[in-house]
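Participant: Here is how the chains run, residue by residue.
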Amino acid sequence: MDFYFGLAQLIGVHTLLGLSAYIVLLTGQVSLAQAGFFAVGAYAAGMLTVLAGWHLVPALGASALCGGALACAVGFPALRVKGLMLVIATLAFGEGVRLFFFNFDYQIAKGELKVGPVGGEGFRQIRFFPENGWETWEVMLFIWVFVAGAMALLWWFDRSRYGAVLRAVGEDELAAQSVGINLTAVKVSAMTVGGAIAGVGGGLYAHYTTHIEHASFNILLATFAIAYPIVGGLRSVYGTLLAVIFVQGILVEGLRFMGDWRNLLFGALIVLAMNLRPSGILGKGRHA
Amino acid sequence: MSLLAVEDVVTAYGKIEALKGVSLEVAEGTITCLLGPNGAGKTTLMMTIAGILKPRRGRVLLGGTDIAGQAPHAIVARGIALVPENRLVFPAMTVLENLQAGAFQRRDKAAVAEDVERMFTRFPRLKERHAQQAGTLSGGEQQMLAVARALMSRPRLLLMDEPSLGLAPLVVEEIFRIIAELHRDGTTIFLVEQNAHMALKVAQHFFLIEQGKVTFSGDPGALAEDEVIRRAYLGSAQQ
Amino acid sequence: MLADLVQNSLDGLAAGAAYALLALGFTLIFGVLRRANLSYGPAIMFGCYAAALTHQHFGAGLFMLALVTIAGAVLAGAYVERLCFAPHREGSAIAAMVASFALWMQFEELAALVLPGHLYAFPMLHEGAPLALGAFTFRIDALVLLAVAILVCASLWWMLYRSRFGLAVRAVIEQPTAASLAGINVPRVLVRVFALASAIGGVAGYLVVASNGQITPMLGMWATLKGLLAMMLGGLGSLPGAVLGGLALGLIEAHSQWYLGPQMRDLIAYLLLFVLLAARVPWMTSRSAS
Numbered sequence: 001m002d003f004y005f006g007l008a009q010l011i012g013v014h015t016l017l018g019l020s021a022y023i024v025l026l027t028g029q030v031s032l033a034q035a036g037f038f039a040v041g042a043y044a045a046g047m048l049t050v051l052a053g054w055h056l057v058p059a060l061g062a063s064a065l066c067g068g069a070l071a072c073a074v075g076f077p078a079l080r081v082k083g084l085m086l087v088i089a090t091l092a093f094g095e096g097v098r099l100f101f102f103n104f105d106y107q108i109a110k111g112e113l114k115v116g117p118v119g120g121e122g123f124r125q126i127r128f129f130p131e132n133g134w135e136t137w138e139v140m141l142f143i144w145v146f147v148a149g150a151m152a153l154l155w156w157f158d159r160s161r162y163g164a165v166l167r168a169v170g171e172d173e174l175a176a177q178s179v180g181i182n183l184t185a186v187k188v189s190a191m192t193v194g195g196a197i198a199g200v201g202g203g204l205y206a207h208y209t210t211h212i213e214h215a216s217f218n219i220l221l222a223t224f225a226i227a228y229p230i231v232g233g234l235r236s237v238y239g240t241l242l243a244v245i246f247v248q249g250i251l252v253e254g255l256r257f258m259g260d261w262r263n264l265l266f267g268a269l270i271v272l273a274m275n276l277r278p279s280g281i282l283g284k285g286r287h288a
Numbered sequence: 001m002s003l004l005a006v007e008d009v010v011t012a013y014g015k016i017e018a019l020k021g022v023s024l025e026v027a028e029g030t031i032t033c034l035l036g037p038n039g040a041g042k043t044t045l046m047m048t049i050a051g052i053l054k055p056r057r058g059r060v061l062l063g064g065t066d067i068a069g070q071a072p073h074a075i076v077a078r079g080i081a082l083v084p085e086n087r088l089v090f091p092a093m094t095v096l097e098n099l100q101a102g103a104f105q106r107r108d109k110a111a112v113a114e115d116v117e118r119m120f121t122r123f124p125r126l127k128e129r130h131a132q133q134a135g136t137l138s139g140g141e142q143q144m145l146a147v148a149r150a151l152m153s154r155p156r157l158l159l160m161d162e163p164s165l166g167l168a169p170l171v172v173e174e175i176f177r178i179i180a181e182l183h184r185d186g187t188t189i190f191l192v193e194q195n196a197h198m199a200l201k202v203a204q205h206f207f208l209i210e211q212g213k214v215t216f217s218g219d220p221g222a223l224a225e226d227e228v229i230r231r232a233y234l235g236s237a238q239q
Numbered sequence: 001m002l003a004d005l006v007q008n009s010l011d012g013l014a015a016g017a018a019y020a021l022l023a024l025g026f027t028l029i030f031g032v033l034r035r036a037n038l039s040y041g042p043a044i045m046f047g048c049y050a051a052a053l054t055h056q057h058f059g060a061g062l063f064m065l066a067l068v069t070i071a072g073a074v075l076a077g078a079y080v081e082r083l084c085f086a087p088h089r090e091g092s093a094i095a096a097m098v099a100s101f102a103l104w105m106q107f108e109e110l111a112a113l114v115l116p117g118h119l120y121a122f123p124m125l126h127e128g129a130p131l132a133l134g135a136f137t138f139r140i141d142a143l144v145l146l147a148v149a150i151l152v153c154a155s156l157w158w159m160l161y162r163s164r165f166g167l168a169v170r171a172v173i174e175q176p177t178a179a180s181l182a183g184i185n186v187p188r189v190l191v192r193v194f195a196l197a198s199a200i201g202g203v204a205g206y207l208v209v210a211s212n213g214q215i216t217p218m219l220g221m222w223a224t225l226k227g228l229l230a231m232m233l234g235g236l237g238s239l240p241g242a243v244l245g246g247l248a249l250g251l252i253e254a255h256s257q258w259y260l261g262p263q264m265r266d267l268i269a270y271l272l273l274f275v276l277l278a279a280r281v282p283w284m285t286s287r288s289a290s
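Chains as they are written, first to last, in our numbering: chain A, 1 to 288; chain B, 1 to 239; chain C, 1 to 290.
Be aware that one or more of the hints could be misleading.
Cβ-Cβ distance ranges computed for the label pairs, FRET-style [what the hints assert, rightly or not]: (1) B/Thr65 / A/Leu272: 34 to 40 Å; (2) C/Arg89 / B/Gly221: 44 to 50 Å; (3) C/Phe58 / A/Ala52: 44 to 50 Å; (4) C/Leu5 / A/Lys110: 43 to 49 Å; (5) B/Thr65 / A/Asn182: 54 to 60 Å; (6) B/Gly69 / C/Arg162: 32 to 38 Å.
It should be emphasised that the hints constitute simulated quantities derived from the structure, not laboratory data. No residue lacks a Cβ here, since even glycine has one placed at the ideal position from N, Cα and C.
Please work from the sequences and hints to get the whole structure.
Facilitator: Set out below in structure tokens:
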């Protein structure tokens, strides 16, 4: 049973990562910086619980703040460029964050152990859950409370005027601007919300794996983040959830019986999905 | 027999049909003109004939052979050349290279070089600027280059999409003088124009297209010019 | 002091020559497709692994291995083009990008399958002492790399500006609709450019692997990132820019490694790129605006 709980934890955290890219994609921006915000959230929450002895909940709040603030700060300069240039600018930023943690040492003595992040070796012993005696299923539930919260938030955005404004910017910037929408404000706010969600996701990730290192937050993770909403379609938040289940649950785990050949089939299925439904599983059909 | 026959062509962008069953004919050796308001489907028809857009239904016959749905380069090989709307010259290539690109499918180097000289005689401005980047030419010069580039494939049928668009009146007159000249030399021309007055002066036959359908066909003079112009600019009031 | 500066610049130029080749391939593909191909590096890695495997089983010579690398990269490139780019020619750029990412996963898996260890030796271009000239040293393989890069650039220039195929390529890059109206078979040009770009990438991949004397599954990601970075530094879509961007990246890395330490090397390059993009320096924005 623990295996399935573990899988559900992974799916939950990746859903948060996908949702953080989803809201940015609604405004028509492709950001490869989400893995960077995720990393910042992971390190921030880990350091607060391990080094400062905080409870996880306020630590996750701090993760959201860090991720959101950083996304906001990056959003202003980055969103001045579009298309492939934005993709690369955000990729450069995300890799920059990763390399920052590659160089980041901050250890303090705790009993006879020294704890905290150590550059390339990463940050071990983020043991909030085991120290407080949480069972795997409790951790899983805890994670899914945040997933449900983020989905509800974005679902509510989608229904509201704000969601309409986001989509208007994504469909036609010039038209949106001509009806008085402030493009910078909309894009940066979407980026900020996305950064905060990624930060929470990262914080949860750090605690259920208990060990994080810079290499986990590379361009692969960043591309997974945008692949989920694209594979799922931008019609609704459920698309992203469905895509994570499809990719992590069915493809990665379900194909485990294929052993070493798993990723070959995985790649082929994603390509097939993109060719049959270019606007996503829950998106519009082929000709539209 | 007509050189080009379009039969019941439907072309759509997604769910929106821009052409809703267009039929018309272009006789060999004539200038035939297509008039109509903006958004009536004129450019869509030109792009469909040239193969850039694929028709959902209908036939496009060139000399009796159906070419509908073929790739653009195959249609060029069959003898149709389109001078596209907004000219679309290759801006960073020289005038000479633009002309050579127009003759891309021809392997007879000597004959191509001869044709380049012929274009330079017909368009002396292009000769003066042969080594200049096409993007630096004026609008009128770019239009001449686009016409010359299309002629380099030695087409049986020359399609022209709004050659007078955005040009000064004097330049427009020169373009129409060239159109008349090409016709005199035996080129069959199918012309889309907003400038109905100028177009009716050179054309032997014209069609009116409104909202994706041909609504009138006749010789210049078959309809009072002010009526043609009214419908070409505004569309029929009752629709 | 000055000697260090010169020696670092020499080393940087050699690395930059490889980046320039990677960026050239990327730029060619971007020029004709207006799409980013994330699988570019992994396809090159496929070629290099094919060569490493050939070496293990048949012990082929250097030249033969280079050919195998190039052929493998072209084959993998054709696979990427067919699956990721041909179906999305008029459709979504991001769907194509996600599809190319999925193939990247495939190439990495394939590399892990054929050679399951993390690191394999690859025959060196040159073993032995570097060439010493006064106070400076030149690695022989770096010189070979530079020479090949110059040769590739010159041939590419000749092909683009002096051949019939080059005319078609430039026409497709500048104005694809007009190119097809001029009678150019645009899909065929796209496939050939893709093959050409993959071949150039294969040359770069082979030279890098043979200079390092080893191959790891990180090669794919490395080549994609360095190629993107160099392409972007030189201004998206410009071929001379790609060469300059590659050389600049090599120099930046060499100097920041020397003055700030190896761990800062990559960070500096990314930060610089981000700042340049955000500042919208003119050479980066002019051509790609359309």
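Participant: Against each hint, give a clear statement of whether it holds in the structure.
Facilitator: Going through the hints against the structure:
no.: 1; hint: B/Thr65 / A/Leu272: 34 to 40 Å; verdict: holds (38 Å)
no.: 2; hint: C/Arg89 / B/Gly221: 44 to 50 Å; verdict: holds (46 Å)
no.: 3; hint: C/Phe58 / A/Ala52: 44 to 50 Å; verdict: violated (59 Å)
no.: 4; hint: C/Leu5 / A/Lys110: 43 to 49 Å; verdict: holds (45 Å)
no.: 5; hint: B/Thr65 / A/Asn182: 54 to 60 Å; verdict: holds (56 Å)
no.: 6; hint: B/Gly69 / C/Arg162: 32 to 38 Å; verdict: holds (36 Å)
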